[in-house]
Amino acid sequence: MSEQSNELADLVGAEHAATGREYTAGFVTEIETDTLPPGLDENVVRAISGKKEEPAWMTEWRLDAFGRWQRMRTPRWAHVQFPDIDFQAISYFSAPKGDAPKSLDEVDPELLRTYEKLGIPLHERARLAGVETAAEDAPQVAVDAVFDSVSVATTFKERLAEAGVVFCSMSEAIREHPELVRKYLGSVVPKPDNFYAALNSAVFSDGSFVYVPKNTRCPMELSTYFRINAENTGQFERTLIIADEGAYVSYLEGCTAPMRDDNQLHAAVVELVALADAEIKYSTVQNWYPGDEQGNGGIYNFVTKRGACLGERSKISWTQVETGSAITWKYPSVVLRGADSVGEFYSVALTRNFQQADTGTKMTHIGPRTKSTIVSKGISAGRSQNSYRGRVRMNPGAKGARNYTQCDSLLIGDACGAHTFPYIESKLPSAVVEHEATTSKVSDEQLFLCQQRGIEPERAVAMIVNGFCRDVFRTLPMEFAVEAAKLLEVSLEGAVG
Amino acid sequence: MSLLRVEDLHVEVDAKPILAGIDLEVRAGEVHAVMGPNGSGKSTLANVLAGRPGYDVTRGCVTVDGEDVTGLEPEERSLRGLFLAFQYPIEIPGVSNMEFLKAAVDAHALGRGEDPPSAVEFVKRARAAASRLALNPDFLKRGVNDGFSGGEKKRNEILQMLILEPRLAVLDETDSGLDIDALGVVADGINAFRDVGNAVILVTHYQRLLNYVVPDHVHVLANGRIVRSGDASLALELEERGYGWLDA
Ligand SMILES: Nc1ncnc2c1ncn2[C@@H]1O[C@H](COP(=O)(O)OP(=O)(O)OP(=O)(O)O)[C@@H](O)[C@H]1O
Ligand SMILES: [Mg+2]
Chain A
0 MSEQSNELAD
10 LVGAEHAATG
20 REYTAGFVTE
30 IETDTLPPGL
40 DENVVRAISG
50 KKEEPAWMTE
60 WRLDAFGRWQ
70 RMRTPRWAHV
80 QFPDIDFQAI
90 SYFSAPKGDA
100 PKSLDEVDPE
110 LLRTYEKLGI
120 PLHERARLAG
130 VETAAEDAPQ
140 VAVDAVFDSV
150 SVATTFKERL
160 AEAGVVFCSM
170 SEAIREHPEL
180 VRKYLGSVVP
190 KPDNFYAALN
200 SAVFSDGSFV
210 YVPKNTRCPM
220 ELSTYFRINA
230 ENTGQFERTL
240 IIADEGAYVS
250 YLEGCTAPMR
260 DDNQLHAAVV
270 ELVALADAEI
280 KYSTVQNWYP
290 GDEQGNGGIY
300 NFVTKRGACL
310 GERSKISWTQ
320 VETGSAITWK
330 YPSVVLRGAD
340 SVGEFYSVAL
350 TRNFQQADTG
360 TKMTHIGPRT
370 KSTIVSKGIS
380 AGRSQNSYRG
390 RVRMNPGAKG
400 ARNYTQCDSL
410 LIGDACGAHT
420 FPYIESKLPS
430 AVVEHEATTS
440 KVSDEQLFLC
450 QQRGIEPERA
460 VAMIVNGFCR
470 DVFRTLPMEF
480 AVEAAKLLEV
490 SLEGAVG
Chain B
0 MSLLRVEDLH
10 VEVDAKPILA
20 GIDLEVRAGE
30 VHAVMGPNGS
40 GKSTLANVLA
50 GRPGYDVTRG
60 CVTVDGEDVT
70 GLEPEERSLR
80 GLFLAFQYPI
90 EIPGVSNMEF
100 LKAAVDAHAL
110 GRGEDPPSAV
120 EFVKRARAAA
130 SRLALNPDFL
140 KRGVNDGFSG
150 GEKKRNEILQ
160 MLILEPRLAV
170 LDETDSGLDI
180 DALGVVADGI
190 NAFRDVGNAV
200 ILVTHYQRLL
210 NYVVPDHVHV
220 LANGRIVRSG
230 DASLALELEE
240 RGYGWLDA
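For the record, the sequence lines run as chains A and B.
Note that numbering that gives the first Met the number 0 has the first sequence beginning at 0, numbered continuously upward.
Note that numbering that gives the first Met the number 0 has the second sequence beginning at 0, numbered continuously upward.
There's no promise every hint is true.
Stated by the list, open to error - Quick list of in silico lysine to aspartate or glutamate cross-link-like pairs, EDC-like style, CA-CA up to 16 angstroms:
1) B:Lys123 <-> B:Asp145
2) A:Lys440 <-> B:Glu90
3) A:Lys213 <-> A:Asp107
4) A:Lys213 <-> A:Glu161
5) B:Lys15 <-> B:Glu29
6) B:Lys101 <-> A:Glu311
Said to hold, decoys possible - A partial selection of chain B residues facing chain A, derived with a Cβ cut-off under 10 angstroms:
7) Asn46
8) Val104
9) Val119
10) Val122
11) Arg124
12) Phe147
13) Glu151
14) Val184
15) Tyr211
The set of hints was computed from the structure by calculation and includes no laboratory data.
For each residue, glycine too, the CB sits at the ideal point set by N, CA and C.
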């Protein structure tokens with residue numbers, strides 16, 4: 000009955016990508032840009048810094064990173080395969096032409112239309128799209144919109160400012176809040192941390208900056224929407240979120256890109272800092288263009304995300320729903336320094352066609368009684384490869400620390416692969432590390448049962464996948480959980496017709 | 000007109016002939032029992048009626064209400080009123096019974112060109128069916144057959160039948176593995192379902208069930224053929240004498 004399995008593999012693998020109907024974000028915005036020619040050297044680093052009118056310390060910081068990067072080599076340990084990237088063939092800066100808009104009214108209407116099409120409101124009335132079902136008084140969301148290399152708009156700034164919350168582009172933060180940036184930038188992900196982090200430190204263009212002051216609960220969800228539009232351009236955004244003592248913030252990022260035949264590089268760095276009793280909840284819905292059904296094109300998503308629980312009882316929680324990108328290589332991690340601090344990682348990674356994902360987390364327990372939870376759900380279809388890679392480390396001071404890891408893989412069809420690479424480093428007898436892993440398959444029998452009851456195979460697969468991911472979706476803010484479930488369904492939309 | 004007509008049906012699995020010319024006619028309002036030794040092809044017949052992939056019809060055809068369904072997908076047959084209660088119900092962990100049933104009911108409603116029932120109305124229906132089968136309402140919240148006992152799985156099949164209200168229900172050994180009380184509950188469910196407009200095919204090894212649900216016709220399958228048909232008394236005779244006296 001392997002015939003049926005092949006049918007199943009086809010169902011989520013081929014054809015639908017060919018029609019492109021499932022990747023609705025794949026359009027290109029026609030807009031005049033100010034783009035640096037491809038290539039990377041010190042002058043390019045200086046040019047980027049210059050375009051952003053940065054202070055000398057920032058330029059020096061970048062040049063230092065660039066020097067380090069030049070001495071580093073591409074990492075090869077991930078379970079992914081791709082040809083060498085020619086870093087001289089990429090343009091490192093592309094921005095819509097003209098001066099940076101000072102207010103929403105000044106934003107190019109073409110850009111506003113782009114975000115409207117993507118369902119991201121850049122005005123301060125509406126809520127996020129795809130949430131028609133939400134109650135009338137659903138919470139509003141502040142958005143920072145990053146288009147290629149620059150932030151084009153940030154909404155609700157005034158209202159956030161009343162609460163003392165700073166939410167702006169990184170460029171603006173370097174100008175307006177240099178003391179915070181200098182103190183924390185690179186403090187969680189040091190410049191030479193890894194090859195792509197070093198590259199990002201040298202050439203990062205924009206991204207979001209958040210500061211939530213002491214004992215403040217951020218009054219609304221914050222979100223950044225990353226859009227790669229220009230051809231042949233890399234996106235290197237840099238995000239820094241600082242929650243001061245007793246502060247709370249929930250932040251969401253979304254990402255899309257046009258469909259192009261060439262691969263594009265996205266190498267971001269995200270740093271989170273939680274001081275005593277602070278909590279940061281960081282959610283990602285990653286929907287970069289995944290490439291076509293033959294494996295052409297798509298984004299290389301090589302990202303370094305790390306949070307530091309510096310203070311006692313602080314908490315950092317990562318939730319990610321990864322459906323896009325040709326290759327995903329990211330490990331949102333938490334360094335648990337403060338006593339009794341908590342780190343969480345909830346992940347759904349879906350791969351199909353020729354997509355490859357190597358994703359997971361690192362939980363580093365330094366402080367006593369620190370706790371971490373890892374729940375990873377990997378779904379592989381088509382000819383894709385999906386790997387979970389996680390490291391739990393218990394340092395000598397982490398007395399009474401605990402980790403719980405649950406790592407589940409779901410296979411759809413016979414041609415895909417799921418892999419788990421858990422690393423546990425603990426010499427502490429008092430630390431508790433639990434690891435559970437399962438692998439299951441959407442079986443022909445399950446599908447036949449659904450079909451026998453009148454449910455089409457496509458719908459059946461979506462239902463089974465949704466059930467499989469429930470534990471993770473539960474951790475997303477309500478409206479994003481709806482969006483994530485829909486996104487999965489669309490991503491699985493198949494060939495039956 | 001007959002509800003189901005099976006004509007000269009030949010079926011192979013992995014190029015191995017299993018059914019070798021089955022003829023069967025089922026009219027609305029009737030109950031047919033299909034009996035026969037292990038491996039004679041009863042489940043194969045049930046599965047091929049439902050259109051299970053991997054079962055190749057090499058000759059003959061199956062019509063439902065006069066329409067040839069031999070080439071239709073399983074879900075298309077389901078929407079035409081064909082229901083199969085599985086001999087070995089499979090588990091779908093993570094998908095709740097409720098969610099699964101709602102998806103099925105919605106698909107059937109859409110197939111008829113109707114709006115799906117509201118969530119409230121659906122929950123009411125599901126609860127009523129569960130209580131009729133003496134299933135705790137908590138079963139609706141659990142994963143489909145996930146961790147259910149053998150007997151609970153069988154009752155769950157009948158629950159789905161009651162909710163989907165098919166035209167033809169093929170129940171493959173739904174009585175096997177049921178305790179005495181559960182058998183009564185399931186039989187009551189089947190009797191409540193029976194109607195002048197629908198029909199039931201009971202695949203069974205035992206007279207027990209047929210005491211509760213009295214068949215209009217009994218067929219004996221052996222080596223992929225129907226070797227004997229009769230009325231309810233044939234089942235009683237089989238109970239007494241076994242299959243040996245029938246020369247297949
Ligand atoms: N997938 C398959 N591959 C090979 N042979 C099969 C397959 N499915 C069924 N068969 C064979 O077909 C024959 C009929 O099987 P079937 O399950 O229809 O019998 P049954 O009458 O339902 O038996 P039981 O009373 O034990 O349930 C058996 O010999 C069985 O081994
Ligand atoms: Mg059988």
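Consistency of the hints with the structure:
no.	hint	in the structure
1	B:Lys123 <-> B:Asp145	22 angstroms, violated
2	A:Lys440 <-> B:Glu90	12 angstroms, holds
3	A:Lys213 <-> A:Asp107	36 angstroms, violated
4	A:Lys213 <-> A:Glu161	14 angstroms, holds
5	B:Lys15 <-> B:Glu29	32 angstroms, violated
6	B:Lys101 <-> A:Glu311	47 angstroms, violated
7	Asn46	9 angstroms, holds
8	Val104	8 angstroms, holds
9	Val119	16 angstroms, violated
10	Val122	18 angstroms, violated
11	Arg124	15 angstroms, violated
12	Phe147	14 angstroms, violated
13	Glu151	16 angstroms, violated
14	Val184	21 angstroms, violated
15	Tyr211	25 angstroms, violated
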